[in-house]
Amino acid sequence: MKPAPFEYIRPRSLAEACALLAGDEDARAIAGGQTLVPMLAMRLARPAKLIDIMRLPELAGIRTEADALVVGATTRQAIAERDPLIAAQVPALARVLPWVGHPPTRNRGTVGGSIANADPSAEIPLVAVTLGAEIMLATPDGPSSMPADDFFIGPMLTVIAPGECVSAVKFPVWQHKRIGVGFFEVSARRSDFAFASALAQVALDEDGRCIDIALGVGGVGDRALRLDVSPLLGTRLDAASVAEAVHAVAADMEASSDLHASASYRRRVAMTLGKRAIEQARTEAGARPLKGAA
Amino acid sequence: MKVELRVNGVSRTADVEPRKTLLDTLRENFLLNGAHAGCEHGVCGACTVLVDGEPVRSCLIFAVQADGYEITTIEGLAPAPGELSVIQDAFCETHGLQCGYCTPGMILSAHALLQHTQTPSREEIVEAISGNICRCTGYGQIVEAVQFAAARLQKSNVPPQHAGPGHPGAGHDAPEEGVLEAAEADAPTEIVR
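Order-wise, the sequence lines are chains W and R.
Numbering follows the numbering used here, in which position 254 of the first sequence is assigned residue number 256; successive positions increment by one, without gaps.
Numbering follows the numbering used here, in which position 127 of the second sequence is assigned residue number 242; successive positions increment by one, without gaps.
In short, the hints are calculated from the structure, not lab data.
With the C-beta cut set under 7 Å, the calculated list includes, among others, these residues of chain W facing chain R:
hint : residue
1    : MET3
2    : PRO7
3    : TYR10
4    : GLY35
5    : VAL39
6    : PRO40
7    : ALA43
8    : PRO105
9    : ASN109
10   : ARG110
Backbone N, C-alpha and C fix where the C-beta goes; we use that ideal spot for every residue, glycine too.
Work the whole structure out from these sequences, hints included.
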C-alpha cells in the first residue's frame, strides 16, 4: 500500500458531494483516478478524504442542447471515443481522444477529470479552449458555468473552489455543412505528454472560402491557448495566408522550457503543427459533399 | 471497509483499508498473484485486469471503488484448470514472453482486443498493448502472438463472445485461488494446432 491513509466516502447525490468537499479542505474528489491515484501512490497528494463522484447520476451521460453537446463529467474517455453523437457533433473531441493516455487509462479516465486536472499538454482541455466550450460546475450554491478560457489559469490550476466540482462540459456544435478538423502533436512516445500540439477546426462555404475557424495550441505555455486567426476568414486558407496568420499570432507567444524541450523549440513546433492542422482541417472540410448545393 | 467484489465470475468479500488498491487486494486477499505489481503508479501495465471486459490498471483503482464490476484476472481466462486459453497458448507458441512479468497484462489486453475484433490490424494490436511495457522481447513476438491467436480464433468456429461492456471474460469453472491451481496444473497438455 503506497498511498497515505484516507477516508473513502461515496455520496449519494451531487449536493451531498459538494457539501463534503466544502466541509473539509483536505477532501478531494475522485472519479476515474488515473491522475490522482499515481499522485497518491507517490504521496505528492495526501488528502484526508476521497469523495467518489464516479457513480453520481447527475454527472453521467451525453445530451444535446441547442447548438451544443453536453458531455457529463464522469463520461469515460473510452466511451466518449466511441460515441457516435460526439463523432458527429464535436469531431474535434473524437479526433483527440485516441491521443489521451493509453487504452487502459481511457477505460477509467473521465472527460471531466481531464478538464479538472488542467494539464497544460492535455488534449481534452485543448479542445475545450479551442472551441470555446463552457465548463459546467456544481457548487454548494447550485449549478454555475464559465467559459473554458476563464476556467484554466495555469499548469494544473483552475478557478475551481473548495466545494465545487466539474459537472459537465458544454461543447459548441458548429452548424455549418462543411466542417473539418486537424490535429497534430509531438511527444517523446505516442500517448505521452505532448511537447506541443495544435488543433484546428474550420468551416468552408460552397466556394471553399473559410467562414469559421478556430485554432488552439497545447503544451506550449502553462495552459492550452486559443489563437486568433480571424484574418483567415474569407480566404481559401492557402498556404501563404495560413503561414502569415499563424506567425503573426504565435511567433511571440509565451512558451515554457524544461529538460524535454526549450521554449523556442515548443514555439516553432507549435507554429508548424498549427499550419498543418489548419491544412488538414481544410482538406477534410473540402472533401465533404455540398449538401443543398445546386 | 468491507468490499464485495466479483472476480472471475465468483463473488468475494474482503475487509480492506480504503487505500488498498485492487491490485494488492487481488494478490493478498484473494491470492490471485497473476496480476503483477510493477511500477504501482500506472505506467507499466503489469497489473492490468479486465473490468467489465475492458483492460484497466488495477494499481490505479482502489478495491473500495471496484464493487459492482465484473473483474477478470489472468487466472480467469483459461477454460478449465490446467488448460490454456487460445491467446495464452499462442504466446507460448510464438515465444511471446521471456521473463513473463508483463505477460498477464499483455494477454488480458489482447483478450479484450480480440473480443472486439476478430481481424485486428497490426496497428490495432500495437495500440491495444501500448499501455503494457515489456523489457525483454522487443514486442515483435508479442504482436506475432496476438496475430497468431486471432488467426486461430477465426478458425475455431467459436462465435465471438464480444459485445462491449458487461462481458465477463471468465468461464464458470475458473480456478478459485488462481496461482495455486495454476502451479498444480503445470502438466504438459496436448496442443491442438
